[in-house]
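**Student:** Each chain, letter by letter, is given below.
There are 2 protein chains.
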Amino acid sequence: MTAKKVRTIEELGEFGLIDHLTSGFINRQESTKMGVGDDAAVIDHGAYYQVITTDLLLEGIHFDLVYTPLRHLGYKAVVVNLSDVYAMNAAPRQITVSLGISGKFSVEALEEFYEGVKLACERFKVDLVGGDTSGSMTGLVISVTAIGTALKEEVTFRSGALNNQLICVTGDLGAAFMGLKILEREKQLHAKDPEFQPELSGYDYILRRFLKPEPRVDVLLELKEAGIKPGAMIDISDGLSSELLHICKASECGCQVYDERIPVLDETAEAAREFGMEPMVAALHGGEDYELLFTVPLSAHDKITAIQSVSIIGNITDKKGSALLVGNDGSAIPLQAQGWDHVS
Amino acid sequence: MTAKKVRTIEELGEFGLIDHLTSGFINRQESTKMGVGDDAAVIDHGAYYQVITTDLLLEGIHFDLVYTPLRHLGYKAVVVNLSDVYAMNAAPRQITVSLGISGKFSVEALEEFYEGVKLACERFKVDLVGGDTSGSMTGLVISVTAIGTALKEEVTFRSGALNNQLICVTGDLGAAFMGLKILEREKQLHAKDPEFQPELSGYDYILRRFLKPEPRVDVLLELKEAGIKPGAMIDISDGLSSELLHICKASECGCQVYDERIPVLDETAEAAREFGMEPMVAALHGGEDYELLFTVPLSAHDKITAIQSVSIIGNITDKKGSALLVGNDGSAIPLQAQGWDHVS
Chain A
259 MTAKKVRTIE ELGEFGLIDH LTSGFINRQE STKMGVGDDA AVIDHGAYYQ
309 VITTDLLLEG IHFDLVYTPL RHLGYKAVVV NLSDVYAMNA APRQITVSLG
359 ISGKFSVEAL EEFYEGVKLA CERFKVDLVG GDTSGSMTGL VISVTAIGTA
409 LKEEVTFRSG ALNNQLICVT GDLGAAFMGL KILEREKQLH AKDPEFQPEL
459 SGYDYILRRF LKPEPRVDVL LELKEAGIKP GAMIDISDGL SSELLHICKA
509 SECGCQVYDE RIPVLDETAE AAREFGMEPM VAALHGGEDY ELLFTVPLSA
559 HDKITAIQSV SIIGNITDKK GSALLVGNDG SAIPLQAQGW DHVS
Chain B
259 MTAKKVRTIE ELGEFGLIDH LTSGFINRQE STKMGVGDDA AVIDHGAYYQ
309 VITTDLLLEG IHFDLVYTPL RHLGYKAVVV NLSDVYAMNA APRQITVSLG
359 ISGKFSVEAL EEFYEGVKLA CERFKVDLVG GDTSGSMTGL VISVTAIGTA
409 LKEEVTFRSG ALNNQLICVT GDLGAAFMGL KILEREKQLH AKDPEFQPEL
459 SGYDYILRRF LKPEPRVDVL LELKEAGIKP GAMIDISDGL SSELLHICKA
509 SECGCQVYDE RIPVLDETAE AAREFGMEPM VAALHGGEDY ELLFTVPLSA
559 HDKITAIQSV SIIGNITDKK GSALLVGNDG SAIPLQAQGW DHVS
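So the protein lines, in turn, are chains A and B.
According to this note's numbering, the first sequence is numbered sequentially starting from 259.
According to this note's numbering, the second sequence is numbered sequentially starting from 259.
By construction, these hints were calculated from the structure, which means they are not laboratory data.
It is possible that part of the hints are untrue.
Copies of one chain are not kept apart here, so a pair can be met inside one copy or by any two copies together.
[Said to hold, decoys possible] As a list, the in silico DSBU-like pairs of lysine-lysine whose alpha-carbon atoms are at most 30 Å apart:
| no. | residue 1 | residue 2 |
| --- | --- | --- |
| 1 | LYS577 | LYS439 |
| 2 | LYS470 | LYS577 |
| 3 | LYS291 | LYS439 |
| 4 | LYS450 | LYS291 |
| 5 | LYS410 | LYS291 |
| 6 | LYS578 | LYS439 |
| 7 | LYS445 | LYS578 |
| 8 | LYS439 | LYS450 |
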């Protein structure tokens, strides 16, 4: 690779880093329909596409075993990958699960983790077909790969957004992030005073959203029944803002979303206020919601409004490079990507 | 899962642990031909099979950055997965590469790693189609998934060994392990005395075998040209002994291999003697050779002996549970699986 000016991982950011490192790679296989750059890779099998996605979950970065039940962790590790498969409008079929395990784990602890994996497999009808298990010198390492299939005409790419399409999200946003904030707060209070009893009652919804996210397969079924195929689609793992920018980049378009249209529940807003935070910050940048963000043609407006768990939050524009958050007063602020604060 | 007597990871061992944790899983997808239990999972695509395999490589367990050039590490991380694809008699097509990176890495260091990945992609004509990049609180984490395809009648399973078939290995064994031992020795001497200059000359072959293994696609081509389809096949990643036991278990058979037939080069034997080790121990238990172990019908004897880089080391027997190493004096010792010493 040739010398470039940008030289720190922080400057590049996660997505810039991946782009930079993979820029010199050329696809040679006819079956490779889509490589790096969507929720999942897409492999052409003639009559249908296969989508493949993989996620790495590392202790201390993506999860904290102090407050994460292993059963939930096993379930979540699978579900976050299935969410990427669903975001391609595909049906998940198989997964592999690899684990790096430090000496502190007992067989019982691993059984708990696999119970969560099993629950996800049963619920979403996917088969566990492989993996790798190894010791780890440090923390728990989880790597999951999920494989799905879809008819060719059904697959949705990030690049499918068109001018004037409506921008929709499922469910509500920011709750998972506020759940994480509560868990972190109680953990720190407990660390300062071992007799302190964590107070988690009243936060059930936001805690569940963080600890046990559910992929929105239900909405995909409703869209199918309504005869709507999304233009572009992505799942919200890094925060609404970042995902909107992904769609705009891949679709070479702009967007405007309306502050007051972004669905944030009272539970989330109240928790945000406890931390002196704007609820909208959690919704835009919190991440881990695993809701779906997608675009539909204007003609689908009435059918979409009939689906209870979908909100129309704005529309695609032809102003490439302009992704705007429009406030109640008509002011427009450019959306920004979340910084990559995992590497320090 | 029900309570069982065995409760420590050490007692179960790596393969026992995987069996134990995945025993309650049921495959539901019609396309799942083979799940956990071979070099790769096998997915049925009608006209052909697709094989999928994944490996986790963790700093401090699988590699030591003190003596492992990142370019070699990138190459090896890909190649060990391709080796599993080849061991199914399939052709690799796509890979995903996920990295967990601690703060000590520069963009240049990651570029070096990806140069190794790229070299492997170019050499074996596979496409890098995805992955995940994240920070890591601790060491470098590498997770690679490889995907290949093969005509249905060409795929070889571990379970394909039949009574009286000849047992063959490619290349030579034990060299990679002795390369590792040399590197570890020089590292320790250097740690004791920082002015000490590691002495690695004269060990070129065994060092290369450890740092830059090559999958034996050449032998697969020769077998194909000779019209030989292996019965069972597996790649030697954990040591000959352990792989023979995998074949015997999956094929429900026994085996006998002859001490003097096991290919060990002089370079390997000399290095073993420097450590006061029996060369045969490195060959049986060293691992990381990434040679192929396979069985062929007796009728293929003459054709096999004509292939220079293949050795016939013994034969399959119908004595289930009896895997024997036969010495020059006719004595027979049961083969034992390598202990799982990574978890402590």
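**Student:** Confirm or reject each hint.
**Tutor:** Cross-check of the supplied hints:
no. : hint             : verdict
1   : LYS577 to LYS439 : neither (36 Å within a copy, 60 Å between copies)
2   : LYS470 to LYS577 : neither (38 Å within a copy, 49 Å between copies)
3   : LYS291 to LYS439 : neither (40 Å within a copy, 44 Å between copies)
4   : LYS450 to LYS291 : neither (53 Å within a copy, 53 Å between copies)
5   : LYS410 to LYS291 : both (11 Å within a copy, 23 Å between copies)
6   : LYS578 to LYS439 : neither (35 Å within a copy, 57 Å between copies)
7   : LYS445 to LYS578 : neither (44 Å within a copy, 54 Å between copies)
8   : LYS439 to LYS450 : within (17 Å within a copy, 46 Å between copies)
In this structure, the hints that do not hold are numbers 1, 2, 3, 4, 6, 7, in rising order.
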